[in-house]
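*Asks:* The residues making up each chain are set out below.
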Amino acid sequence: MTAMEFAQFPILSAILFSTLLALLVILFIPDDRPKLVKQVSLGFAAVGLALSLYVYFAYDPHKGGLQFVERVLWVKSLGIYYFLAADGINVPMILLTAVVLFTGVLTMWELDKRVKEYFALTYLLVAGVYGVFMSMDLFFIFVWYDVSLFPMYPLIAIWGSTRKEYGAMKLTLYLLAGSALILPGILYLWAVAGGTTFDLFELQRLGFDVQVQRIAFVMLYLGFGILAGVWPFHTWSPVGHVAAPTAVSMIHAGVLMKLGAYGILRVGMTLCPEGLVYWADLMALLATIGIVYGAFVGLAQTDLKYVIGYSSVSHMGIVGLGLSTLTVDGINGAVFQMFSHGIMTALFFSAVGYIYDKTHTKMIPELGGLSKTMPKASAFFILAAFCGIGVPCMSSFWAELLVFISAVKTYPLRGILAVSGLVVSALFMLRVVQKTFYGEKNPKWEHIPDVPLFLASPRIILVGILIFYGLFPRLILDIIQSAVVPFVNSL
Amino acid sequence: MMWLPHDPVLSAALACATLPFLSMAVILIFTRPYQRLSCAISVGAITVCLGCALYLLITLRHAPAPVEYQWAWIVSSDMVIPFGFLLDRLSLLMLTIVAVISFLVQVYSIGYMHGDPGFSRYYAFQSLFAWAMMTMVIAPGMLQLYIFWELVGLASYLLIGYYYEKWSASQAGKKAFVMTRLGDIGFFLGIITVLLGFGDLGILHMNHAAQAGDIHPAVVTLGAILIFCGVVGKSAQFPLLTWLPDAMEGPTPVSALLHSATMVAAGVYLMSRIFPFFAASPDAMAVALIIGTITMLLASTMAFVTYDIKQVWAYSTVSQLGFMVMSLAAGGYFAGVFHLTTHAGFKALLFLCSGIFIHEYHTNDMREIGRGGGRKLTIPMICMTVGALALAGIFPFSGFFSKEAILGVLAEHPNKLFLGAGLLGAAMTAYYSFRLIFFILFPRSTAEEASHHEEAHGHGDDHGGGHHGHVFWAMAWPVMILATVTLVLGFFQNELQSYLLALEPASHGHEAVEHGGHGVGHYLLLVTAVCLAVGGVFFAYLEFGWKKATQEGFLRKFPAVETLFANRWYMDHFYRKALDLLVYCGFTNVFTRNDRRVIDGGIDGICRFTVGGGRAVSFLQSGMLQYNLVLMVAAVGVLVLVFAL
Amino acid sequence: MNSLSVYLTVAAVLFSLGLFGVLMRRNLIGMLISIELMLNGANLNFMAFNRFLAPEPAVGQIMALFIMGIAAAEAAIGLSIILALFRRLRSINVERAQRLRG
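From first to last, the protein sequence lines are chains A, B and C. 1 is the number of the first residue of the first sequence in our numbering; add one for each residue after it. 1 is the number of the first residue of the second sequence in our numbering; add one for each residue after it. 1 is the number of the first residue of the third sequence in our numbering; add one for each residue after it.
These are computed hints drawn from the structure, not numbers from a lab. Treat the hints loosely; a few may be bogus.
What the hints assert, rightly or not - With a cut-off of at most 27 Å between alpha-carbon atoms, the simulated DSSO-like pairs for lysine-lysine come out as follows:
id, chain 1, residue 1, chain 2, residue 2
1, A, K358, A, K435
2, A, K358, A, K444
3, B, K166, A, K441
4, A, K372, A, K164
5, B, K166, B, K577
6, B, K547, B, K376
7, A, K376, A, K435
8, A, K444, A, K376
9, A, K444, B, K166
10, A, K358, A, K441
11, A, K164, A, K441
12, B, K166, A, K358
13, A, K372, A, K358
14, A, K164, A, K113
15, B, K547, B, K557
16, A, K435, A, K372
17, A, K444, A, K372
18, A, K376, B, K547
19, A, K372, B, K577
20, A, K435, B, K376
21, B, K577, A, K435
Build out the structure end to end from the sequences listed, making use of the hints.
*Replies:* This is how it looks when you write it as structure tokens:
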């Protein structure tokens with residue numbers, strides 16, 4: 001098979017529909033074969049991962065632009081296209097989704113409650129996520145976006161813990177409020193452009209009036225921003241993370257929150273650059289507040305998952321800050337941060353998941369001295385914490401570096417404030433690490449075995465990715481850059 | 001990697017920058033359960049690095065221009081962050097120091113850490129440190145330097161908190177990380193300042209441009225002061241000095257390697273690395289000079305009152321670092337680097353000797369070591385005395401030469417106050433280091449302890465005899481090598497000077513004293529300094545060594561001052577209070593309340609309003625099917641009437 | 001009084017009786033029977049109009065057959081709902097099924 005022929009193969013559709021196929025296959029497996037459900041899930045996740053890796057390697061950053069394009073007219077009268085494509089911004093996101101799904105399935109290997117329904121819903125969720133990342137058509141972006149929101153409610157409310165109904169309800173309401181802002185925003189742009197096309201790039205070519213852009217951008221920004229955990233619309237995220245089961249937290253914090261930032265970048269900033277310029281100041285302010293605020297509130301938390309939830313708020317603030325700088329460096333950093341934060345939080349939740357499974361608590365005061373009994377499980381959390389602090393040679397360091405450099409350049413005062421947030425985040429991460437893992441051996445947990453190799457494997461993969469891209473950041477940054485440079489130039 | 005064999009210099013540098021990392025990875029991933037293997041891998045890697053470093057030093061010692069290799073690490077728009085090596089005289093000297101001390105400490109640790117359950121982990125962290133430090137030293141650009149600077153901080157955090165089950169150790173690690181991070185924020189902002197104001201972060205370019213006046217003076221001053229914040233954090237200068245004494249919670253070899261000889265000297269190294277850049281801003285130099293002086297004096301006073309053997313050396317490290325900063329800030333490039341070199345040798349020596357005592361007597365208290373028969377351990381006792389003599393600046397030990405050089409620089413400074421402070425510092429150093437020596441040499445025991453005393457003696461002897469196996473010798477050899485170095489290094493002052501300065505014509509002007517050699521003023525200074533040092537030693541003897549001495553110290557007469565010193569001038573109390581008030585009770589509390597009450601409260605309020613509103617009108621729902629039907633029929637009737645009529 | 005109005009009157013009476021039954025009876029089976037009455041009233045209307053007014057005779061009959069089909073389906077579903085309700089509440093009194101009260 002030559003390269004040309006392979007290029008014809010609709011690989012993005014294959015990734016997208018393999019998840020839906022997985023959903024179907026899982027539904028047809030009898031209830032009493034949970035092992036088979038897990039194996040099938042893992043198989044499909046592996047297929048998705050392999051295909052995403054192919055996309056990642058086959059994407060040519062020198063050529064740039066849209067690649068693997070699949071474009072079919074779907075509804076002529078409304079101008080809806082089935083339009084999938086990959087560019088430098090979504091290639092890392094697709095890879096991230098595949099990795100988090102794969103490791104998430106492995107992490108939930110010991111699940112024994114309604115296994116079939118759990119994995120079916122997970123695949124529905126992931127199908128929505130893939131759909132949003134790949135679609136270049138506003139209609140489909142919105143549809144897939146809502147597809148990805150719906151399964152969160154049952155996933156949290158059925159398999160969750162700690163105030164799960166409250167968390168699930170809060171999350172769902174918040175996110176639906178977000179999509180209630182996005183839909184009118186999209187329809188507004190569509191109608192202003194004449195109601196003939198939902199194609200993102202045709203709309204971009206048509207262009208919009210400054211006034212229209214300002215109104216539409218703020219709707220899109222708030223709508224997607226809620227999902228990205230923009231301060232002050234962030235409180236659903238810690239509560240939701242805490243309530244959700246481990247792998248759902250991983251997908252949720254690792255991928256779903258990126259959907260929001262991705263939406264701002266892909267829809268809001270592409271279609272409304274003038275609106276962005278108008279609102280950038282506010283964006284930067286909210287992002288900076290988020291960075292510092294998240295770190296401070298994280299200091300006061302006693303629940304491990306709350307701590308991670310607030311660190312996510314802080315780290316997503318960095319993404320927002322990067323986007324608001326409107327510079328190549330800033331947006332590069334923001335996209336890179338989306339990727340590495342996704343991997344990092346997945347690792348965090350995965351590590352906490354094991355601890356919670358075995359000790360049945362995630363309250364920091366009750367834990368302590370865990371390093372003695374489970375050195376490997378602790379090591380994963382500690383490594384994630386280092387990444388969260390921004391230790392060099394872990395991938396999020398580079399992202400933060402780029403964002404901070406461009407932020408100090410563009411908004412000196414806010415940039416300096418955000419950089420100072422690093423001290424607080426170091427303080428709060430190390431405090432958690434110390435209280436949970438260091439100290440005398442706790443006799444309560446003495447009988448707990450350390451992670452066996454198979455269960456450790458998802459965490460090993462995640463750590464490996466963090467360090468690999470920390471040492472060789474160009475392997476992903478060059479791809480991101482191939483899309484960001486033309487994007488910024490077109491502003 | 002076809003090009004590797006063609007360039008031995010590059011391969012040697014690459015080996016230094018990769019081997020320890022690989023060794024760490026291999027140890028952590030594969031060989032954790034096999035302690036001896038882990039140890040062998042780590043020591044093997046550092047031996048190769050030492051070989052490479054020496055090879056580089058020898059081949060490149062006459063190189064006319066710095067050798068530079070660079071590859072793009074990341075490229076973002078027009079910003080390129082390179083990864084590479086800058087091999088010039090300064091970096092090669094420092095590389096060699098780091099490699100030598102790391103090697104000796106790792107060998108020493110074979111004995112010291114013998115039988116520790118975390119042996120493999122210890123060597124992995126040691127490798128991490130060696131990797132980060134060596135790559136930092138040969139960094140060609142400020143960003144690479146910053147990156148590995150942070151990694152060195154990480155290694156320090158891990159090694160301080162090595163005994164993680166001890167609460168105080170993990171606390172000390174956290175404190176060290178956060179406090180140095182505080183300084184590093186300044187460093188980072190300084191780098192950004194330079195990047196924005198000048199646009200190039202290559203060390204040679206920066207130095208060159210600053211000298212030539214191509215950078216705006218305001219940028220230089222702001223950049224230099226901000227970068228100096230990083231030095232303050234890493235080299236434990238005032239006001240961020242209190243993490244270093246706490247860092248002594250780590251294993252003693254770690255204290256020797258990181259927290260005295262190499263890592264904390266990184267700050268001083270950074271200053272000398274971009275010395276021309278600093279020198280271009282008199283304001284920044286003045287700030288550095290004042291900070292260095294305060295640090296030196298403050299830390300010396302703290303060393304007067306502690307009985308913990310490692311704490312004394314920790315305070316003395318802080319104070320000597322202050323001394324180096326003073327020297328650099330006063331324009332004495334060579335003097336600062338020279339003192340850095342000699343200090344690395346004799347301070348590592350002092351720590352490693354203390355380590356032998358601590359390993360033998362399982363206590364850090366110098367009085368108990370003395371009572372336990374510390375002086376019976378002849379080799380470490382002699383070596384420690386050699387180290388102390390060097391620290392005090394007594395001829396002919398290495399410290400004497402470097403201290404004289406610094407004092408010479410200070411004498412050149414127009415403000416004689418700094419010279420006075422330097423001389424006072426020298427005297428204080430002599431006093432507190434010999435206070436420690438005399439405590440161990442001339443132990444005092446109270447009557448009721450007499451019986452214990454004998455027992456302890458026997459115990460100590462047993463230990464001394466029994467341990468002359470490989471464990472003891474693994475510790476003794478490095479110590480003896482370092483003692484020899486301390487003895488001879490001073491006599492190579494001229495060689496070192498001509499080696500280093502060949503490339504630094506800029507600082508020639510400042511080095512007049514050292515070059516011009518030995519005027520009358522210089523002799524006077526020399527004699528004064530030696531007299532003060534000997535005076536300090538003698539005073540210490542009067543108080544602690546002499547048979548009728550009370551071993552209390554003159555400070556006992558001023559209890560208020562003694563408490564002040566013992567509490568580190570209440571700096572820690574201040575930080576604790578500030579942290580509690582500002583962070584925990586201040587922002588955290590306010591923000592958390594805001595989250596719970598205002599944001600969540602608002603959202604929950606909206607939800608409650610919706611639910612309440614529904615409930616308020618829900619009385620309309622009787623739940624009776626037929627009422628609804630009646631209503632429907634009635635409505636249809638009304639509609640019929642309305643439309644029909 | 002011509003014959004069409006007789007049919008229409010009978011149909012109206014049937015429909016009203018059915019409506020009265022649906023509104024007044026508390027027994028679900030009774031309500032279901034009453035609904036059948038209403039449907040039959042409508043059916044009668046269709047047939048009468050078809051017989052006296054429509055030029056094309058088939059349409060009304062088709063509607064009548066259609067309504068009978070719907071009535072059968074409705075009875076089946078209604079009875080099964082009633083059965084389910086009875087299993088749960090042990091009663092087919094509609095007053096007992098008041099879960100939706102506000």
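*Asks:* Give a verdict on every hint.
*Replies:* Each hint tested on the structure:
1. K358(A) - K435(A): Measuring from Cα to Cα gives roughly 18 Å; hence the hint holds.
2. K358(A) - K444(A): holds, 11 Å
3. K166(B) - K441(A): holds, 10 Å
4. K372(A) - K164(A): It is violated: about 32 Å lies between the C-alpha atoms, which goes past 27 Å.
5. K166(B) - K577(B): holds, 24 Å
6. K547(B) - K376(B): Since the Cα atoms of K547(B) and K376(B) sit roughly 19 Å apart, the hinted pair holds (cutoff 27 Å).
7. K376(A) - K435(A): Given pair K376(A), K435(A) holds - Cα atoms ~17 Å apart, limit 27 Å.
8. K444(A) - K376(A): Holds - the C-alpha atoms of K376(A) and K444(A) are around 18 Å apart, at most 27 Å.
9. K444(A) - K166(B): holds, 18 Å
10. K358(A) - K441(A): holds, 16 Å
11. K164(A) - K441(A): Violated, because 31 Å separates the two Cα atoms, which is more than 27 Å.
12. K166(B) - K358(A): holds, 24 Å
13. K372(A) - K358(A): With Cα atoms ~15 Å apart, K372(A) and K358(A) stay inside 27 Å; holds.
14. K164(A) - K113(A): The hint holds at about 16 Å.
15. K547(B) - K557(B): OK: K547(B) and K557(B) at ~20 Å, within 27 Å.
16. K435(A) - K372(A): This hinted pair holds, its Cα atoms lying about 13 Å apart.
17. K444(A) - K372(A): Roughly 12 Å separates the two Cα atoms, so the pair holds.
18. K376(A) - K547(B): violated, 56 Å
19. K372(A) - K577(B): Measuring from Cα to Cα gives roughly 32 Å; hence the hint is violated.
20. K435(A) - K376(B): violated, 42 Å
21. K577(B) - K435(A): Satisfied, since the Cα-Cα distance of roughly 21 Å is no more than 27 Å.
When the structure is compared with the earlier hints, violations turn up for hints 4, 11, 18, 19 and 20 and for no others.
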